[in-house]
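Top to bottom, those sequences are chains A and B. For the first sequence, the numbering used here assigns the number 1 to the initial residue and increments by one for each residue that follows. For the second sequence, the numbering used here assigns the number 318 to the initial residue and increments by one for each residue that follows.
Among the clues, some could well be false.
DEER-style ranges, computed between Cβ atoms [to be verified]:
#1 B:336 to A:80: 46 to 52 Å
#2 A:126 to B:321: 22 to 28 Å
#3 B:564 to A:164: 27 to 33 Å
#4 B:543 to A:126: 43 to 49 Å
#5 A:164 to B:345: 43 to 49 Å
#6 A:189 to B:564: 29 to 35 Å
#7 B:445 to A:167: 48 to 54 Å
#8 A:63 to B:421: 47 to 53 Å
#9 A:128 to B:321: 16 to 22 Å
#10 A:125 to B:319: 17 to 23 Å
#11 B:449 to A:184: 45 to 51 Å
#12 A:58 to B:429: 30 to 36 Å
Everything labelled a hint here was simulated from the structure, so no lab data went into it. Heads up, the beta-carbon is just placed ideally off N, CA and C, and yes, glycines get one too.
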Amino acid sequence: MTTTLAPEPKTTHPTSSPLPAPHADREPAARIPAGPDAGDLIVPLPRTHAGPPALLVEHVTKRFNVDRRKPPVLAIHDVSLRLERGSIHGILGANGSGKSTLIRLVSGLLTLDEGKVEVFGLDIERDELAVKRLINRVSVDAAFFKKLSPMENLLFAARLYGLDAGQARREATAILARLGIAESRLGRPVEQMSRGMQQKVAIARALLTSPTLLLLDEPTTGLDPRSKLDVQAFVEEVNAAHDATIVLTTHDLAEAERLCDRITILDGGRVVAEDAPDGLKRRVAERHGQPPTLEAVFMTYTGRSLDEDVEEDDSDE
Amino acid sequence: MQEMKASYAFVERNFFLTRRYWGWELAFLVYSVAGALSISLIGAAAGDDRLLLLLIIGAVFWNYLSVVFSWIAETIAVERWEGTLEYTFMAPVRRWTQLLGSCLYAMAYGLVHTAAILVVLMLFFPQLEPGSMNLLTAVVFVALGSFSFVGIGMMAAILPLLYVERGAQMTFVLQSCLLLVSGVYYPVEVLPGWMQLLSYLSPATYVLDGVRAGLLDGTPVTALVGDILPLLAMGAVLIPAGLWAFGRAERYAKRTGKLKRVG
Chain A
1 MTTTLAPEPK
11 TTHPTSSPLP
21 APHADREPAA
31 RIPAGPDAGD
41 LIVPLPRTHA
51 GPPALLVEHV
61 TKRFNVDRRK
71 PPVLAIHDVS
81 LRLERGSIHG
91 ILGANGSGKS
101 TLIRLVSGLL
111 TLDEGKVEVF
121 GLDIERDELA
131 VKRLINRVSV
141 DAAFFKKLSP
151 MENLLFAARL
161 YGLDAGQARR
171 EATAILARLG
181 IAESRLGRPV
191 EQMSRGMQQK
201 VAIARALLTS
211 PTLLLLDEPT
221 TGLDPRSKLD
231 VQAFVEEVNA
241 AHDATIVLTT
251 HDLAEAERLC
261 DRITILDGGR
271 VVAEDAPDGL
281 KRRVAERHGQ
291 PPTLEAVFMT
301 YTGRSLDEDV
311 EEDDSDE
Chain B
318 MQEMKASYAF
328 VERNFFLTRR
338 YWGWELAFLV
348 YSVAGALSIS
358 LIGAAAGDDR
368 LLLLLIIGAV
378 FWNYLSVVFS
388 WIAETIAVER
398 WEGTLEYTFM
408 APVRRWTQLL
418 GSCLYAMAYG
428 LVHTAAILVV
438 LMLFFPQLEP
448 GSMNLLTAVV
458 FVALGSFSFV
468 GIGMMAAILP
478 LLYVERGAQM
488 TFVLQSCLLL
498 VSGVYYPVEV
508 LPGWMQLLSY
518 LSPATYVLDG
528 VRAGLLDGTP
538 VTALVGDILP
548 LLAMGAVLIP
558 AGLWAFGRAE
568 RYAKRTGKLK
578 RVG
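Next comes chain B alone, as it looks inside the complex (with noise of 0.2 Å):
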């Protein structure tokens, strides 16, 4: 119950500054509407109702897969930032607690902005016809890919503790690689053999497979259990492997001074 609570304090403390920063997020999501608008355009102009809703899925859960990625990434880069790093590693909490609270209030956020963006796209779009997707298909490969996404954000957590100056940015490197390799915007067919066996490692890659199978095709959930499976395994294998390697990470940083504020 203590360590809900605590981690309930994470969960708050980034709707506070949500809130706070309100001006931000407003820009934050006009400059997504505006990424995702321009992607789907792409179908748009070629005519193609089918490449349209491919591209549109594409931007739209990438949308929610990358903020969900950037606010758990970012949990200790904004620490850093504001300089808060060192007391909250002082609190008696333990990190799986904190890093819990982080990637609760990540998901909560990542979906309120990705409806933001799809009821935009809708309505840009009144073409296209809801009525034969399987919501519950996206909905389920959604939730299922966001626990393989905690972990990686956990590890991506690491750099900005490590490397001081440049770790967050150096996060960036892990999404556009996970933008490259996993189908986001075309069919991973079409990259070469070596980069195809890397979407397979990408849970990305599963996540959108099914997505689209549900929106584009109306294939029910259980029809998946292909790409399904997958996705369990990594979210069983990625979520600790981040725990571990974020605690290996505190340590070396606790050891080599570099949770000591800097800037």
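Extracted from the complex, chain A is given alone in its bound form (with noise of 0.2 Å):
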């Protein structure tokens, strides 16, 4: 059985977190419009909380060595991102553009070069428990012990994020119930499950950990349309309910219209845009005379079609 599911209200962080108590009178970053004379191509996002940002990416830079005959290949170059606390910050870009990279700098995956990444004002190298603890990942591969059931991966998380087993399996069963899987799927191994519950349960595990900041890596990717639109309804509801924030990054340019408040733009390694979708939407229009729509945006920004990125994730198969 699916479920379409609606978001609920925002509700009070819990009195377990460690962060200040979210600002109810913020203004959400999504309903900040770029001025019409915003004139760079990345416009910034005003500061409305007293408190650290939820993520804080700085000046990052990295780079891979594959051939040492060759120089290395610069992945992200001088990124920089600030992203306010209850936000979904989508980032968008061509296949090899540098968004998975950048994914796993903030995950702790990677070391950086150059650069610093903050979460809620804590250095993800210095303190680097106390990042882990805030947050977790979704990526394009639902990544489980495939012999083992929903329940056994879900406990194994639970228990290295210091979770009560009893509440964990509670918690998860009630997650995965919200998500459309029943109890009664719980027992059973992994591989027996379609892509598209299986990407479910990664969200479930993620979840279950209470992130803060929760990086969703292509989490629709190669999802039915049912199953993706109950993904979606879902991270609307995480956001809103749980007041976490999010980044998002996707290929589907109606999901990050759909989920976020602001979306940049990666190319090369490189920041190319940054704004909300009605702005970027609206600068293309104005300025190079494109339809306003974010496919427009994506071609304009990164020199390529929708489609040509797509073919090439097909052939990378």
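Put the two chains together into one complex, using the hints given.
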């Protein structure tokens, strides 16, 4: 059974959180349009919080040595981002633009060559364990022990994050039920589940640990339309009800438009544009005479069409 | 307490994996029993009960040590294969916590697996009399030897971390070298001089010496201090060295992007 989920009203943050209470009077980032005279490609986000940003990426650079005889590949070049608490921030870009590398850098799975990353004011290298408790990630591949059941996989995750097993079982069951996965499915191996169901379990695993910063790296890629809608609705719910700040990379422009308060476009490891979706669309319409769509924004700033990108995706497989 | 809970997570997960792969576990047990029997029958063919017992001890305890070693060394390989490596490395868990959990399960698994083989061998060779054996000596040496093998296992776990495609297979090289120089099936005295020097660096040499002294001759553990001290020293050096080396390798993997899932 699948269920389409409706967003729930925002509630206060759990009292156990080490983070300051959200500002009720804050203007969501999505509702801060870029001014008509915004001249720069990157429109700065007005600061609306007294506390530290949920995610601060400052002048981050990452290189990879792929061949000793060749110069290093610049995967991420001088990227800066600032995400306010409670926002959903989209990262768009062609394959190889550095989206996943950026997510890995924020996740602590790659070391920084230059720059710094802070999560709620905590440095990801100096305060590694504290940061890890605040973040979780869902990647394009639902990474599980496939022979284990969803419950066994989730129980493992819960223990790693210090949750009580009994409580974890109850919460996992409830989250999966919200995602349309019946309790009777929780004891069978993950490998017997569809790709869409596996991805829902991956999202449930991330939510089980109550992350305040959730990194979603193409979470709906390869899902059928129904599963995609379920996951998108759940992302909205998590953002609204659990006050989670979300970073979302996606190739689905409709998804980005639906979910994201702000969008950063990466090309060749650099930030080439950043604004609210409406601001980006208005800009390409006014300056480039393009239709006011995110596809036109994507083509304008990455120099390629979405079709080209999808074709490249297919040829990669 | 939090760290112990996290360690238990790895014990429990590995138990779940063992339970799910029960068919493979059964096949592995049959394979191990057949291997141990084949080697032991060389002693039976010679009509020499002492040689038979010497080979049984070698086969059984080598099985234990190699199972412990494999479980730890495959900690990374299995996660890479399943694609969970990045997820586990993102968790707020210290690396020693993860490795401790893997080691505890490896030792428990190794004991059960080896006990099953021992039972089959004792049934197969009823002429062997356990009456004069000093089991305490054997237990002490196996326990002490486990620490050293945990340290070596941690170092071996680096290989799948750094060599994405064939790192797991490379750990077999380490195992086979230990097998060669440790006098598992023959006295180290038959080795060339330079190999005998290497045998002093293998904890398995001291474990097998101690176990054989206890089970073949009934020697009490107190009379084997000369074998115990090197084992203690190796455990004290190899575990911190394994943790240090693993930490360095993790840092390298994060710098070069080798944690990323492949395949």
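Fill in: Those earlier numbered hints the structure runs against, lowest number first
5, 8, 11, 12
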